[in-house]
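K.L.:
This is what each chain is made of:
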Amino acid sequence: MNWLLDLPTLVKVLGVTSCVFGIALCYRLIRVGRDSLSRDKMVNLRIASISALTFNKLLAFMAFIVVAGMSVSIANYHVFSGVKEVRSCNSCHVMRPMVNDMTDPSSETLAARHFSNKWISSQQCYTCHTDYGLAGTLKAKMDGYRHLARYTTGTYTEPIASPSVYNTDNCMQCHAGTRKFEMVSSHIALRKGLSDGSLSCLNCHGSAHPTRAQRTPGHPDYNDLMKQGD
Amino acid sequence: MKSEDDPRSENGWSRREFGQILAGLGVATGTAFGGWGILELVRPKGRATSWRKSVCRFCGVGCGVRLGLNNGVITEVRGDEEAHNKGVICIKGAMLGALPSLIGRALKPKIRKAGKLVEATWEEAMSLVANRFSDSIREFGPDSVAFYGSGQLYSEETYTANKLFKAGIGTNNVDGNPRLCMASAAVGYVQTFGNDEPPGALEDIDHAHCFFIIGANPYECHPSIFERIMQRKRSHPNTVLICVDPRRTSTADRCDLHLPLKPGTDLLLLNAMMHVIVEDRLYDRDFIDEHVRFSDGEDTVDFQALESFLRDYTPEDISPRVGLSAEIVRRTAHLFARSKGTVSLWTMGINQRVQGVHLNNTINSLHLVTGQICRPGATPLSLTGQANACGGVRDTGGLAHLLPAGRVVANEKHRREVEELWGVPRGTISPTPGLDAVNLFRAMEDGRVRATLVMCTNPAQSLPAAGRYRKAMERCFLVVAEAFEDSETARFADVLLPAALWVEKEGVFGQTDRRYQLVEKVLDPPGEARSDLEILVDLAIRLRHGDLITARTPETVWDEWRKFSETSAYNFKGITYDRLQKNRGLQWPCPNESHPGTVRRYVGGDDPLVSSGKRIEFYGQPDRRAVVYLRRYQESPEQTDDEFPFILTTGRVLEQWHTATITGRIPELQMASGPARFEFNDQDAQRMDIQDGTRLEVRSRYGTVEGAAVVTGRPRKGTIFAAFYDTKLLLNIAVADNYDAVSKQPEYKITAVSVRKTGGQ
Chain C
856 MNWLLDLPTL
866 VKVLGVTSCV
876 FGIALCYRLI
886 RVGRDSLSRD
896 KMVNLRIASI
906 SALTFNKLLA
916 FMAFIVVAGM
926 SVSIANYHVF
936 SGVKEVRSCN
946 SCHVMRPMVN
956 DMTDPSSETL
966 AARHFSNKWI
976 SSQQCYTCHT
986 DYGLAGTLKA
996 KMDGYRHLAR
1006 YTTGTYTEPI
1016 ASPSVYNTDN
1026 CMQCHAGTRK
1036 FEMVSSHIAL
1046 RKGLSDGSLS
1056 CLNCHGSAHP
1066 TRAQRTPGHP
1076 DYNDLMKQGD
Chain E
158 MKSEDDPRSE
168 NGWSRREFGQ
178 ILAGLGVATG
188 TAFGGWGILE
198 LVRPKGRATS
208 WRKSVCRFCG
218 VGCGVRLGLN
228 NGVITEVRGD
238 EEAHNKGVIC
248 IKGAMLGALP
258 SLIGRALKPK
268 IRKAGKLVEA
278 TWEEAMSLVA
288 NRFSDSIREF
298 GPDSVAFYGS
308 GQLYSEETYT
318 ANKLFKAGIG
328 TNNVDGNPRL
338 CMASAAVGYV
348 QTFGNDEPPG
358 ALEDIDHAHC
368 FFIIGANPYE
378 CHPSIFERIM
388 QRKRSHPNTV
398 LICVDPRRTS
408 TADRCDLHLP
418 LKPGTDLLLL
428 NAMMHVIVED
438 RLYDRDFIDE
448 HVRFSDGEDT
458 VDFQALESFL
468 RDYTPEDISP
478 RVGLSAEIVR
488 RTAHLFARSK
498 GTVSLWTMGI
508 NQRVQGVHLN
518 NTINSLHLVT
528 GQICRPGATP
538 LSLTGQANAC
548 GGVRDTGGLA
558 HLLPAGRVVA
568 NEKHRREVEE
578 LWGVPRGTIS
588 PTPGLDAVNL
598 FRAMEDGRVR
608 ATLVMCTNPA
618 QSLPAAGRYR
628 KAMERCFLVV
638 AEAFEDSETA
648 RFADVLLPAA
658 LWVEKEGVFG
668 QTDRRYQLVE
678 KVLDPPGEAR
688 SDLEILVDLA
698 IRLRHGDLIT
708 ARTPETVWDE
718 WRKFSETSAY
728 NFKGITYDRL
738 QKNRGLQWPC
748 PNESHPGTVR
758 RYVGGDDPLV
768 SSGKRIEFYG
778 QPDRRAVVYL
788 RRYQESPEQT
798 DDEFPFILTT
808 GRVLEQWHTA
818 TITGRIPELQ
828 MASGPARFEF
838 NDQDAQRMDI
848 QDGTRLEVRS
858 RYGTVEGAAV
868 VTGRPRKGTI
878 FAAFYDTKLL
888 LNIAVADNYD
898 AVSKQPEYKI
908 TAVSVRKTGG
918 Q
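Those protein sequence lines, which keep their order, are chains C and E.
Under the working numbering, the first residue of the first sequence carries the number 856, and numbering increases by one thereafter.
Under the working numbering, the first residue of the second sequence carries the number 158, and numbering increases by one thereafter.
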């Protein structure tokens, strides 16, 4: 019997507990009457007796600083660890073509080849898009916020397209320094272009995802790519 | 119950508190939307302010590219994922953005005076050209002038040159560098199927289960195709890759099976594979009965004749001559024939041979006998070296023996048809085929050809036995239209005309699998450079053939040419400029503007020229059957002996394209490729005490070149490989001067040479 919680579930349980505890504390503070703020009235905590005012100050500190901070931290951790999972990406329907294609064993896109050959064993989306992680660039955070705003307000059109270029640093995280990479003289000659982003790895190694045309409603592949995943 | 003076609402909030909550929500919402708005304003836009679709101008794959532009400068180049190459390009394509600003561009016309090229006006230069051509035609006849073109000119340009020279001037001396790279493939297709150009398409790569790569190194020479093959392999790991090459190339490194045969013995191997296929009954009897005819080259023969012919080619018998075990030959034949779909890919290792046509025939035959053709993933598919050798030269008939759309000079009916279509009197077109590339330069040597217009090519470096033909060029009035003023051929120019390059002009490229793509004009040419079409139109007017060359813009020439094609099996009338602007290329046959183009030729339901109700029909042949030829192996005239103990074979490298006139000026590519060197087998190197950097003199019966050695262990023992791009090496000076008797394509791949150390590293 698997009674141990995995980390994401444990984080969720902790987060929910923290929030419930925080709400209870706030409720308790709202109910505090004027007489409970007296310096004279004592509250017995078994190990010590403190004034009601001090007690309520401690409660307020717990509610507004400690528990709130903990809840925000846990929520952030949950969000940033959760978005690393493929299923998180797949929860936005505009991302379904990417995920469906990646998990299609007959697909020949770069993402699908990385997935089907198990070159990346888990968190396949995030591994190639690490910009979106907690330690990612400010630019990625800004993009992420904009994407979220567009998605939630429905102010986007299919197929989605990035106005900027893919950050080749993400490829280099794994490939740079490997023998297979370094022995290709072209890689060495193009090092500057690859590092400043003026050249794209995708130029020589193929599209990472289905084309814009395939992701456009009405294209023969569109319905297959948009099908609901697991 | 609340009192009168208590301003609290029923939910317990005072008006003030309610206002504060609303204000808070307002601030939060404003912050959220304001932040979003700011981010939309500052969102990354990349270096380019606009993007245009285009086509790479290097090899024959014709990769679609997207050009990012900013202030009239190409700032970014990306593979076009909507094009047939699915976004994959190579290092050369990735550097296309550097082309417009390369050093050494020819900016003004130049005329040779007192041995030096000096600047002139277009009027001076073109007057001189027209006068010299007119004088020569008047004094020595129309066959004393010639046009030597290129698989890099746009179709409209070669079509116009062909029309001007064949129907205007009256000479069939129209040839070009495609003769050096794909003439054997073209003749091979015509002999087998009745029409030039491949039956299959690049799309077949996505469906193949076996790749038979012979005499080709797509990893370096057609990288986007090799990436496509590897994508197939990575997504379908049971796909088998077979490479036949005397050298362990980068392609061979990635193949499942490498057959390093002795240079020049491919036909023995192919016939032995056919022997195994017949002996082990791996052939497709139904396909043969319905679609195939056998021929010994003169007469139709039966299947028994094939069996009898193949008795001389048992794997065991040919094994010592080819240098491969009988077992690997049998295994290859089985893999080829029993695969669910086999695609054969070949290029110069097959075409640049004295038996180039016969080799092409036999590859096609292997597919026909096994039924590995006319279905997805099963086809013979010759790869092309230049961006527009197929569409621009083979289709337009820009070779000495050809007329447009598959017609030939030697056929009177064809000449009459073309004369009628071009609106010239009967008998205008000379019945004598013109001079092919090698013989054209031999005619310069002996004075038969006195004036030649060379466009967009570099024969001083690319011809075999180049030393001989460089001298021949000195004897001819040579007009060179070229984008760079310091190419090897420009050294021999009497008049140098600055030409526009790639997106500085507009035109159509026709590539590997009958695919026409439009290259739109994006930039203005530098200095006074003009498009080759403008130069040809100017020359036509000056030679008083302006009434013949009435189409004078790329689109009007294209319209004339596409309407011309309607009368042939090359029908692409439906491929208009408008469609090419909207689409990423279309494949012919494409008879009308609603036709989507043809992926697989000769296949009913795909090819509109197949008779109704037929599943497969080889309509190019009178009996609707493709021909399997029984082709005997003949040794190359170049054989090793005591004086010349090595075989020199030539080729290309990933980062340089052909004679490196363009790619040699791009620092990244130059750094990646380095100088060309002589690659040695390690056993040969050890025996001769040759190390990396050892300076060598390599001498053949045709010339001597000097360069450095590199010991890679890649070439087969007794074989030396070198690339021909390097102007400091000028390798082709040493290459043999033999050619295929039918296609007239030179045999670059087999030259017997001696090697001598000259000292130094």
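The set of hints was computed from the structure by calculation and includes no laboratory data.
Just so we're clear, the structure is a prediction, and the values are computed from it rather than from any experiment.
Treat the hints with caution; some may be incorrect.
[What the hints assert, rightly or not] Calculated cross-link-like contacts (lysine-lysine; reagent style BS3-like; alpha-carbon spacing at most 25 Å):
{"#": "1", "chain 1": "E", "residue 1": "265", "chain 2": "E", "residue 2": "678"}
{"#": "2", "chain 1": "E", "residue 1": "390", "chain 2": "C", "residue 2": "973"}
{"#": "3", "chain 1": "C", "residue 1": "1035", "chain 2": "E", "residue 2": "390"}
[Stated by the list, open to error] Sample of chain E residues at the chain C side, in silico, Cβ under 8 Å:
{"#": "4", "residue": "812"}
{"#": "5", "residue": "829"}
{"#": "6", "residue": "852"}
[Claimed, not checked] Just some of the chain E residues that point at chain C, by a computed CB distance under 10 Å:
{"#": "7", "residue": "391"}
{"#": "8", "residue": "828"}
{"#": "9", "residue": "832"}
{"#": "10", "residue": "842"}
We treat Cβ as the ideally placed atom computed from N, Cα and C, and that holds for glycine.
K.L.:
Please list, smallest to largest, the hint numbers that this structure does not respect.
P.N.:
Hints 6, 9 and 10 contradicted; others consistent.
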